[in-house]
Amino acid sequence: MQFMLLIYEDDAARVAHMDDWMPHCGAYVEAMKKAGIYVAGERLRGVDATTSVRVRAGQTQVVDGPYAEAKEQLGGFHLIEVPDLDAALAWAARCPSAARGAVEVRPVWPL
Amino acid sequence: MTASAAREARAVAEAIAREGYGKLVALLASRSRDVAGAEDALAEAFAAALEDWPIKGVPRSPEAWLLTVARRRLVDRVRRARTAESAAGDLAWLAEELASVPEPEIPDERLALMFACAHPAIDAGIRAPLILQTVLGFDAATIASAFLTSPATMGQRLVRAKRKIREAGIPFEVPGGPELAPRLADVLDAIYATYAEGWLDPRGADARRRNLADDAIGLGRIVVALLPEEAEGLGLLSLMLHAQARRRARRDESGQYVPLAEQEPGDWDGALIDEAEALLLRASRLPGSGRFQLEAAVQSAHAARRRHGRSDWSAIFLLYEALFASTGSPVVAVNRAIALAELRGPEAGLAALDTVSSDRALDDYQPYWAARAELLARVGKTDDAARAFERAMGLERDPAVRRHLDRRRNTLQPAKPSETNAERRVESLMVEKET
Amino acid sequence: MKFLCLAYEEQAVLDALSRSEWDALRSETLAYLEILEKGGHLVRADPLQSARTAATLQVRGGRLAVVDGPFADTKEQLGGFFLIEARDRAEAIALAARWPSARLGSIEVRPIEEGLPEERRYRATGMEAAPGDRAFARRDGGDRRDSRDERDDGNEGGAR
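The listed protein sequences correspond, in order, to chains A, B and C. So in this note's numbering, the last one in the first sequence is 111, and the numbering has no gaps at all. So in this note's numbering, the last one in the second sequence is 435, and the numbering has no gaps at all. So in this note's numbering, the last one in the third sequence is 160, and the numbering has no gaps at all.
Hint data in this document are derived by calculation from the structure and do not stem from the laboratory. The beta-carbon is built from N, C-alpha and C at its ideal position, and this holds for glycine as well. Warning: the hint list may mix true and false statements.
[As the list claims (entries may be wrong)] Distance condition first, Cα-Cα at most 27 Å in a straight line; then the derived DSS-like pairs of lysine-lysine:
id	chain 1	residue 1	chain 2	residue 2
1	B	K381	A	K33
2	A	K71	C	K75
3	B	K56	B	K23
4	C	K2	A	K34
5	C	K2	A	K71
6	B	K164	B	K23
7	B	K381	A	K34
8	C	K2	A	K33
9	C	K2	C	K38
[What the hints assert, rightly or not] Between beta-carbon pairs, the in silico distance windows are:
id	chain 1	residue 1	chain 2	residue 2	range
10	B	A81	C	D23	39 to 49 Å
11	B	D359	C	A12	47 to 57 Å
12	A	D84	B	A278	39 to 49 Å
13	A	D19	C	G39	29 to 39 Å
14	B	R344	C	K2	48 to 58 Å
15	A	A49	B	Q156	38 to 48 Å
Same shape as in the complex, but just chain A (with noise of 0.2 Å):
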């Protein structure tokens, strides 16, 4: 089954160190292409870069920023295609950024 693993960093940290983090970043992502696991995945720019856009009584409202004003925000993710839950854990404790800050993992609908 299909598993998302979101990742939650210090905004500020993940874009100032985005270029030394990238050889660790890399080996994970291409050790996972490697096991046939990855789907897919993205960086996300910095969250200043983000608007929130939401739709009430047929107005549409746009606000600068992001739904949660927290210092860690959702900087990217990995889709991974593994068996079962477990798999999905070993494979998100592998992941450099849940040192850093957090990786929630997220089973799938499919469409």
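Since chain A is already given, all that's left is putting chains B and C on it; use the hints.
Chains B and C only, in chain A's frame:
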């Protein structure tokens, strides 16, 4: 109640929860085989103690007090849960137990409890968690983190396993005769799985959370104390103590990873090594060889560096040969290849690694890729080595080891490195997690 | 430019929907996905199972901890996302505003970091990214879906 009486009561209760929990659960569950019920009754007894002891004082035999209260709770439970008729049998023996004056010295049935938890009818993956919970009183959330499962899932698995013990009639006893050896192997495997998880935590200095490595050694000591003539039990304890002796030497003051070859033997815990050696010697005089004695002997050959300045690689190679013959494990094959590289050079090591490289089990096995990378570096195949280092990095979950691999990758020299350096490096690969 | 649109919803609001409201939301969402697809905007869409199914993992000082539940303790929780291709931020916001669940919760629109060239990821090793191996390939057709149908997911959360 005075604050100091409350403090004393709490301290005594906590000490029992730490030291005697498994003894009490083992006694409470041994006849009913209802581990969950025993745990609940014991939890209620602890709660009662915290109310009662600060007022009336801590009883002379606190464990016996807890046992009596917990047994009463079990009786109440059985009465409530069943019709008078079906409960009659259980109530009869419970009454019998209640009537018996609790012994001042609580008998240690923890080994029987461990044998029940590691019974062949229990799924192998849940045996170690089950022992941690029932013998040591760990909660499901802590166990889940140690075994990398979600707490909810771990909780369900533990509940299911306990139900199985009750419903499948799994006995609470140490088997005798020819059954003992294979059943003991299952118990030892579970203890070693616990140790392996604890070993991954390099510091073990977080006071709020117990350290699994220490707890596994504690379990090993129970086995050795209660089955002193079983060579494999001695072997496992020896193996764990050898590894434990080097545990702190794996990090320098700044928290950087220090591979085995770069550790100063002076940083190892000499007393633990001596104890480990004595246990191994004792085991060697008893009948019955096995995996744990062989693995402890490997560690002993590494510890030889204390005296001779170098690991005994020919002994290590032969020991891995023997282990491979009995297990066929690809992990053992990786270690054997490393030892071979030490004896006959990196090409021989790489050729040995190639014989297992098609094994899919090694795809995600970090030590295989780290070993491969080091050997490729030694023969000057820098690009291949870099790729293998990257693979190892991507598979590693310890940030300190990841940084170490990254450093190695970034300092690869295209020319063949000098032999002395290479020797030291390859020794650093000896993987110490072999489960 | 690629934008990741994160759909946040409050569990209580979702739980309060009737069966028919669920079904309506689902078919509306599927219809809108088709519009995005036809317009060449859709890269992929991934609805997540309820935040109640989440497990969060952290490593601190070499110690690993797994807890149940999502990382962020907020009223609205990430319920899924869709990745779109848009000319600019304005277009991305306009496309996000039409996502049906924007009426129930909120959609966070975040640009993807495409600034780091692929070769820099692997510069230290000289390792090349395999051709066609962009980190984010369009989800391929049927086989994956077949395997996912066999999941044992307890049907929590409903049909998005």
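Hints, one by one, checked against the model:
1. A threshold of 27 Å between alpha carbons decides the hint, and for K381 of chain B with K33 of chain A the separation of about 23 Å falls inside it, so the pair holds.
2. At roughly 17 Å between alpha-carbon atoms, K71 of chain A and K75 of chain C fall within 27 Å of each other, so this suggested pair holds.
3. As the CA atoms of K56 of chain B and K23 of chain B are separated by approximately 25 Å, the hinted pair is consistent with the 27 Å bound.
4. Taken as a hint, the K2 of chain C and K34 of chain A pair is honoured in the structure, with Cα atoms around 26 Å apart against an allowance of 27 Å.
5. With a CA separation close to 24 Å, the supplied pair K2 of chain C and K71 of chain A stays within the 27 Å bound.
6. Between K164 of chain B and K23 of chain B, the direct Cα distance comes to roughly 21 Å. Compliance with the 27 Å bound is thereby established for this hinted pair.
7. At roughly 20 Å between alpha-carbon atoms, K381 of chain B and K34 of chain A fall within 27 Å of each other, so this suggested pair holds.
8. At roughly 22 Å between alpha-carbon atoms, K2 of chain C and K33 of chain A fall within 27 Å of each other, so this suggested pair holds.
9. As the CA atoms of K2 of chain C and K38 of chain C are separated by approximately 16 Å, the hinted pair is consistent with the 27 Å bound.
10. Between A81 of chain B and D23 of chain C the beta carbon distance is about 44 Å. The supplied range of 39 to 49 Å therefore holds.
11. At about 50 Å, the CB distance of D359 of chain B to A12 of chain C agrees with the hint of 47 to 57 Å.
12. Taking 39 to 49 Å as the suggested C-beta distance range, the pair D84 of chain A and A278 of chain B conforms, at roughly 44 Å.
13. Between D19 of chain A and G39 of chain C the beta carbon distance is about 35 Å. The supplied range of 29 to 39 Å therefore holds.
14. At about 53 Å, the beta-carbon gap between R344 of chain B and K2 of chain C stays in the expected band of 48 to 58 Å.
15. At about 42 Å, the CB distance of A49 of chain A to Q156 of chain B agrees with the hint of 38 to 48 Å.
The structure is consistent with each of the numbered hints, conforming to all of them.
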